[in-house]
Structures are given as C-alpha cells and as structure tokens.
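Colleague: The lines below spell out each chain.
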Amino acid sequence: MQQIINFLIKNKNGLLYVFLLTIALGLTVQSNSYHQSKYFNSTNWFAGNIYQTSSNITTYFSLEQENKTLLDENKRLRHQLFNQALEFIDSIPLDTTLSYNLITANVVKNSYSLSKNYITINAGQKQGLEQDMGVMTANGIIGIIERTSPKFSIIQSILNTKSTINAKLKNSNYFGSLVWDTKDFNTVQLTDIPRMVEIKEGDTVVTGAMSSIFPENIPIGTITDYSLNTSENSYNINISLFQDMANVKNVYIIKNENLTELNELEKGIE
Amino acid sequence: MNSKTIVHIIRFFFLVLAQVLVFNNLNFLGFINPMIYILYFYWYPVKENRAILLLASFILGLTIDLFSDTMAIHTVSCLTIAYMRSGIMRFCFGVNYDFQNFKLASTTTLQQITFLALLILFHHFIFFFLEIFSFSNLLLILKKVLIVGAASLVLSLLIRSLFSIQKK
Chain U
103 MQQIINFLIK NKNGLLYVFL LTIALGLTVQ SNSYHQSKYF NSTNWFAGNI YQTSSNITTY
163 FSLEQENKTL LDENKRLRHQ LFNQALEFID SIPLDTTLSY NLITANVVKN SYSLSKNYIT
223 INAGQKQGLE QDMGVMTANG IIGIIERTSP KFSIIQSILN TKSTINAKLK NSNYFGSLVW
283 DTKDFNTVQL TDIPRMVEIK EGDTVVTGAM SSIFPENIPI GTITDYSLNT SENSYNINIS
343 LFQDMANVKN VYIIKNENLT ELNELEKGIE
Chain E
25 MNSKTIVHII RFFFLVLAQV LVFNNLNFLG FINPMIYILY FYWYPVKENR AILLLASFIL
85 GLTIDLFSDT MAIHTVSCLT IAYMRSGIMR FCFGVNYDFQ NFKLASTTTL QQITFLALLI
145 LFHHFIFFFL EIFSFSNLLL ILKKVLIVGA ASLVLSLLIR SLFSIQKK
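Those protein sequence lines, which keep their order, are chains U and E.
For the first sequence, my numbering assigns the number 103 to the initial residue and increments by one for each residue that follows.
For the second sequence, my numbering assigns the number 25 to the initial residue and increments by one for each residue that follows.
If we strip away everything but chain U, and leave its shape as in the complex, we get (with noise of 0.2 Å):
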C-alpha cells in the first residue's frame, strides 16, 4: 500500500497529464465520430456572446460591399419578376403552401484555414433553426447546420472534410457528392460523375434533388477542370465556387416546411 501511494506521489504529474489528455483525447474523438459535442462549441453562451461583440464592430467595415451584393440580388430578382411570362392566376397561393421557408442570419465567426471548418451564426433555436438545414448566401451554398444553441447556430461549412453534399451538373441533370479535398478554400470537388457524362469546362453545377435540405438548382460554381480517378470509372471535378467563401457576411436558412412528412414516410419503408 505504502509502495502505491509513494507511487502515486512521485508520478503525480505524469498521472495528471495522462488523465486530462484521455479526456481531450476522448473529446476529439467522439466530435470526430458523430455530430460536435453538445456544449464544447462556439454555440455556447460565452463564445457566442464575445464573437457578436466582436461582428458588431467589424461589420461596419464592408456595409459597402454588402450593399452592393444586396443590390445586385434585388437587381436579378426584379429582371425575373419583370421578364416572367404574363399568366392568368386563378387562385392566390397560401403562405402555408409553401414548401420551403427563409430565415435570414449574420456570421459571426468564420473559419477556412482548417480542414474542418465551421462557421457561426448569430440566429437559433428561438428563431426556429434547427439541425440539418441548409444555408446559403445570395451567390450561392455554404453548407448545413450541425449544432443549435438558443441564440446562435453552428454551420459545417462546405468546406470540411465530414461534408457531402448532392449535387448535379446543370445541363445534364447527372448527380453526384461535393467533397473538399482541404487545398484551396475556393474550389471544391464534384464525384461519382460517371465516366460516359461529357463534360465541359465552364459548366454551372447547382445542388441536386436528392437532398431534403437543399432545395433543387441553387447554384455552387463552375467546373474549373477535371480528370478521371484511380479506377478510371467516374470524374474528380474541381468547382470553383459562386461564393467567396473568405467573405461570408449573411446568410439565409432554409426551412423545409415537408421535412417531417418526408422523413416519416421514409422511415416507414425502412
């Protein structure tokens, strides 16, 4: 016993350090396994709080630039208000018709250096977010909602290694998975495009149907180039996104209002 505790004694910061990296250890690998750990992420009350304080300030800096982005949206939705096709409306559709819903957001904090970057959002559970919807910018995808917290949310941006997105080629309406390969933080890569697909440089990839989280044909970026891969059975694609990802200032959610039909009606089949 005496031998134990003398032990013990001598090897007490060895027995520390064991001890705290097992539970850093353990915190690493299980955020890695499954979704990030419930509170161990910027979501929190405390991170949350000091990035908006630092957002509110920075802000200010780029209002210019925002406004020009917003000016050029409004542009190209009233060019297709204006240029649509004159038809005779029998009825007038219900708000609860609609199949998805906007909410808007500021980023608070962003990251792209990494290879599994996230970026935080100053709107949740009280604005109704909630995991697995989609987020987007005026040009274009930025990724999915992986944790909530009532004030502020945390979005797997594209550009992580965990994220796959559907994903197709506009004119061909042939599908695959976005992945990142962690090089640039602008261009990202399109798979499992079959061989037999022909494929231009230059060509819009926009997200599939096969996503309940994105909505079909919102853009993503043009193919910059491609080869085949190792098995010569199907194309590694490099995108170059719509989106600088460097400048990501606001955001729009999207609400899948059909999400828990489709989900209950899927997992009747299973």
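Simulated from the structure, these hints should not be mistaken for lab results.
Certain hints may be false.
Result set (BS3-like, lysine-lysine): computed pairs, CA atoms no more than 27 Å apart in a straight line [claimed, not checked]:
1) E/Lys127 / U/Lys112
2) U/Lys351 / U/Lys228
3) U/Lys285 / U/Lys272
4) U/Lys253 / U/Lys357
5) U/Lys114 / E/Lys28
6) U/Lys351 / U/Lys170
7) U/Lys114 / E/Lys71
8) U/Lys114 / E/Lys127
9) E/Lys167 / U/Lys285
10) U/Lys285 / U/Lys264
11) U/Lys351 / U/Lys253
12) U/Lys351 / U/Lys177
13) U/Lys264 / E/Lys167
14) E/Lys71 / U/Lys112
Based on these hints, arrange chain E on the given structure of chain U.
Modeller: Showing chain E alone in chain U's frame:
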C-alpha cells in the same frame, strides 16, 4: 491572490482574446493563422508547480478550442508541451536550469529563441497531425507545421519584445 497570480490571469485572457479575435482571422495566403498563445508557456515562471501548469494549459487549450470549433486538438497540443516544458528547458539552458535562482532573463537571447521555437515546433506538429489526421497527407502536415510555425515564431518574438521585462 498575489500580484503574480493576477498577472497570470490577465495574460491568459489577453492571449486568448488576441488569438481568437485577431490571429485566427489573419488567414494570410489563405491558411496561415499564427498561434501566439504559446507565449503563455514561454512566460510561465520556471520554478512553479507543474500540476498547476498542466491544469492551466488544459483550460487554455479548451478555451481556444471552444472559440475555434476545433474539437479538443488545441488542448491536446497544449497539454503535451506543458508536460514537455521542463525537458525542453533543460535541453535549451543546460545545467543552469537546475540552479535554484535560475531566471529566463539571465539566459542569452539565442537560448530563449530556441526554447520558444521548440515549444512552437512540438505544438504545431501535434496540432496539425491531429487536425489533418492521415499519414497519406504527411507532406501537407509538414508543410503546414513549417510555414505556420515560422509565422507563429516571428509574431511571438515581436509580441515578446513588445512586452519584454527590462533586462538588468
């Protein structure tokens, strides 16, 4: 609560805020975010209880992780360099380290820079290894360790000279 403890706590908050609000957003050339909070281990008193240093490093790493959404990899790297600190010091300062009245200010600048560089090197290696976590990307890990490490060293040295205690 003596004045030294308060200095430690203020330094802790200063380094955390500087790291998460300024240096995590630098993104120089797209991926260089220097980690200057390693200075905490450089400035920490030489002859202090090691258990407290380990606990402090755990909290420091955890706070940085909390802000940067990096799971707990800052914590792991912080803990490890806190544990290795006395070994690195003995390597850098030789037998002087074992003297009772040994002070960091009494060593040469070259020794101090070596000490800081070794802390940064070990920290960054563990950090990027866990962050990328694949042997196939070993070259990418080494590239990041060297480039980001160099940036961290330069900025840490600048901050060190900014807040240096007067010599002599």
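Colleague: Is E/Lys167 close enough to U/Lys285, meaning Cα to Cα at most 27 Å?
Modeller: Roughly 12 Å between the alpha carbons, so the hint for E/Lys167 and U/Lys285 holds.
Colleague: Straight-line Cα separation of U/Lys285 and U/Lys264 no greater than 27 Å?
Modeller: holds (15 Å)
Colleague: Taking only the CA atoms, is the gap from U/Lys114 to E/Lys28 under or equal to 27 Å?
Modeller: With Cα atoms ~25 Å apart, U/Lys114 and E/Lys28 stay inside 27 Å; holds.
Colleague: Just to be careful, I want the Cα atoms of U/Lys351 and U/Lys177 compared with a cutoff of 27 Å; is the pair within it?
Modeller: Holds. U/Lys351 to U/Lys177 sits at ~19 Å (cutoff 27 Å).
Colleague: Given the hinted pair U/Lys285 and U/Lys272, is their Cα-Cα distance within 27 Å?
Modeller: holds (25 Å)
Colleague: Are E/Lys127 and U/Lys112 close enough, with their CA atoms no more than 27 Å apart?
Modeller: holds (26 Å)
Colleague: For the pair supplied as a hint, U/Lys114 and E/Lys71, confirm whether the alpha-carbon distance does not exceed 27 Å.
Modeller: Between U/Lys114 and E/Lys71 the Cα gap is close to 17 Å, so the pair holds against 27 Å.
Colleague: Given the hint that U/Lys114 pairs with E/Lys127, does the C-alpha gap stay at or below 27 Å?
Modeller: holds (25 Å)
Colleague: Are the Cα positions of U/Lys351 and U/Lys253 separated by 27 Å at most?
Modeller: It holds: about 17 Å lies between the C-alpha atoms, which stays within 27 Å.
Colleague: Checking one constraint from the list: CA of U/Lys351 to CA of U/Lys170, max 27 Å. Satisfied?
Modeller: Cα-Cα ~13 Å, so holds.
Colleague: Assess, step by step, whether the Cα of U/Lys253 is no farther than 27 Å from the Cα of U/Lys357, and give holds or violated.
Modeller: Holds - the C-alpha atoms of U/Lys357 and U/Lys253 are around 17 Å apart, at most 27 Å.
Colleague: Could you grab the alpha-carbon distance between U/Lys351 and U/Lys228 and see if it respects the 27 Å cut-off?
Modeller: Holds: U/Lys351 and U/Lys228 sit about 20 Å apart, inside 27 Å.
Violated hints for the displayed structure: none, as all numbered hints are satisfied.
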